[in-house]
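*Asks:* Each chain, written out:
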Amino acid sequence: MERKRKWRNQCRADRIFDIVNGILMVFIFAVCFYPLYYIVVVSFSKQVVGSYLVPNGFTLAGYESIFQNKDVWSGYANTIFYTVAGVLASLVVTLPCAYALSRKDCVGRNLVMGFIMVTMYIGGGLVPSYINISNLGLINSRWAIILSSLTTAYNLILARSFFYTTIPDDLFEAARVDGCGNGRFFVQIVMPLSKPITAVMALYFGVARWNSYFTEMIYLRDLEKYPLSLILRRLLWSIEALEQMIEDGLIENVSHAMKEVELAGIMQYCLIVVSTIPMMIIYPFMQKYFAKGVMIGAVKG
Amino acid sequence: MKNNKSKIWKKIRVNWMLYLFMLPAIVYYIVFHYVPIYGVQIAFQDYKIGQAFGESAWVGFKHFQRFFNSAWFGTVLKNTLTLSLLNLFLGFPLPIILALLLNEVKNMRVRKVVQTMTYAPHFISMVILCGTVTMFLSPSTGIIGMAINGIRQAMGLNSINVLSVGPAFKWIYVLSGIWQQTGWGSVIYLAALSGVDPQLLEAAEMDGANKVQRMIHINFPVLIPTIVIQLILKCGQMLNVGYEKVYLLQNSTILQSSEVISTYVYRSGIQGAQYSYSTAVSLFNSVVNATILIIVNQITRKLSKENSLW
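Order-wise, the sequence lines are chains D and A. Note that my numbering has the first sequence beginning at 1, numbered continuously upward. Note that my numbering has the second sequence beginning at 1, numbered continuously upward.
One or more of the hints may lead you astray.
Simulated crosslink set (EDC-like; lysine to aspartate or glutamate; CA at most 16 Å straight-line) [stated by the list, open to error]:
#1 Lys11(A) - Asp105(D)
#2 Lys211(A) - Asp14(D)
#3 Lys106(A) - Glu202(A)
#4 Lys46(D) - Glu262(D)
#5 Lys106(A) - Asp169(D)
#6 Lys11(A) - Glu173(D)
#7 Lys259(D) - Glu247(D)
#8 Lys170(A) - Glu259(A)
#9 Lys46(D) - Glu260(D)
#10 Lys10(A) - Asp105(D)
#11 Lys104(D) - Asp169(D)
#12 Lys259(D) - Glu243(D)
#13 Lys259(D) - Glu240(D)
#14 Lys225(D) - Asp71(D)
#15 Lys46(D) - Glu64(D)
#16 Lys78(A) - Glu202(A)
#17 Lys211(A) - Glu104(A)
#18 Lys62(A) - Asp46(A)
#19 Lys211(A) - Asp18(D)
#20 Lys104(D) - Asp170(D)
#21 Lys70(D) - Asp169(D)
#22 Lys106(A) - Asp18(D)
#23 Lys104(D) - Asp14(D)
#24 Lys7(A) - Glu247(D)
It should be emphasised that the hints constitute simulated quantities derived from the structure, not laboratory data. Note that the coordinates shown come from a computational prediction; the quantities given were computed from them, not determined experimentally.
Bound conformation, chain A alone:
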């Protein structure tokens, strides 16, 4: 036993430099990740600015109760779920379809060009994407905003500013997301498709299967494991609608239909200085996310063991 221990120490001593290599990253994770995790306790306390974590008085579930009883609770939950589900139903299948179709393009140069173009929007920053959306939808100068009003006028309806119409927000959010992420999302499926056995495709062709049949019966099944894992991960993010995009697209007139949990946390926490309350809101969010992830993974494990995350 003692001998074993000294052996380990010797190994560590020999490779001391490797621990030095890890040190900056470890310090970074402690200072900028673990300290905030420790700070989540303020959700159960009355935190006052200037206090260190752990110095505040405990108040139990007060802040959670306040959130559940507030008028915003239902609104932000509904908006978050709406954006998330709409994004899942419309945004999830498209990269798969795009990958299957791109895979059938046999001219390599054409394929390359289309691929390069569809990846490009992914590298545009959120500020620019949302700025572009706002500009395009402007009723006086925007290319899409004017088109919408043109159509409405032809139908005898009055002009509108789409950006201040509440119900339109979710569509603006989801469709711009599809434009930005579909191409990049297909990368992982294209990689999986390169693993399809060419002999299998050839045999199917010999047997008279046409391209569509080969796509559905040979290529698509290869993608299923990847699809399942991506789907589980997406479900675990169900309530994680990030503030970055929503915050840039929303405005005060449509706050009721655009405020999601994360922007609510930002508004009440950083702007409104209700530190403990907003931490409680975001902790609630994380707990729900984790629960959904576990449930979905359990279901998947029941259905097919090898496709689950753990």
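With the rest of the complex left out, here is chain D:
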């Protein structure tokens, strides 16, 4: 009897927990989801204010003015270029090196690994790096963007542990007996077996490239070389400046200026949607690869 009551109590405690947990999950979901949803809604609205669940007056004016802006187009093209070229270059540098580092018969691999890992803890910092790029004559060059972040120690270690665990030593021995050298072995046998890590690497490098702005901001000078992120930042700051000028009473035709701010306000929401869409489309499909990368990385060494 006593025992039975205890059991029933237990169940109730668990049931309460499940309900509370369920409510929390809904809340967490909403907190992450609503801001993103709200941005999309506003981007289709006539007015920012009042568009909470559905657009306050549906219009495509924001998108129209965005697509008429040639800076947006060039920014988009530049971002795509930096991402695609950057990812390809990063893969070419990272994967062969990581594979070589995973080979137990490669003399000196620990030395090279140490040489690379040092940079995880010690760095030149912003200013010496800037001077370095400047002395190389790469200021305002697209090369500065591609070359200055070719690979990272973290990604090299990640790829190395993948090769370590998936490519058995015997495989190369067998291939060597058949007269296959390291180069052919890597291209014809290792690469086809390494699709998952190639996907993870491409995504990691790709997301970093797509989202980057600071490197571009300090190394690039010409507007036509700017990626989308910098174009967006310019728009945001110009609106802030305009709002400040209205507030400070520096503008005579206030109603006209207000209209401009209103449209520019919608435009920034549109620009955010446009620049995030590629990421949000590929993201749900790639999510498991991302998480997988974190798991491989969690294994020490």
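Fit chain A to the given chain D structure using the hints.
*Replies:* This is chain A only, laid out in the frame that chain D set:
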């Protein structure tokens, strides 16, 4: 001995291709990482633009002294520590709690959906995050900015622009960071939780432990090693508040309460062209970070050896 050496050479010759594989990465690290590390010496020199590293005259600790005596020293140190500690205290426990709670969701589809949604903000770029924050907080059109002013008006207070209120900056910085990183931060803990022995949980259930008890006494202890390592690493980053986000969120009206070491380095170094001075500031930053990391690791090693980094 000689025989041994020739054996090594033979091994290297046989696998020469592997060294070719490593070459691009090694060249990259020398040119873009080791050369700047060598260039840190300008912190002790008077560097002039156009000079190569190593060509400038030595001046000792002049730049460090100037930084310690400047009015900005206290300000940037205080702001950096404030952001960092606030981020640690509020941001660090949340991913752990989220992982524990997600782990209790038994419906796999619900769990997947919530997980996917909470990871999503991590992939939004800094410019977009900060742009969104700025837009949401705008007093005239922003959804949060208007709500704040609505509440203030109801309380009989005047309207404000949150973005130009100094003390609000740290909260904007930390809360937006929590929104962006909590979900992604939970990945590593969820991975650790998948290693919990299901038999142990079953036995506890048989013995009458409810879900909360099982979570606290079985699941949580499994996470402790991961938590400790993450915590040590976070402590080593104590003064590393990156410029990317602060720079986008700050504005000239709240510079006093938002300038951190890294943005100060950017402003004085790249924008102000005081190359040697700003390098000294950032070297000071790195030295403090390394010191904290070593101290924290030593303490951890004293407490429990297997949980320390080295």
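*Asks:* If you check each hint against the structure, which ones fail?
*Replies:* 5, 16, 21, 23, 24
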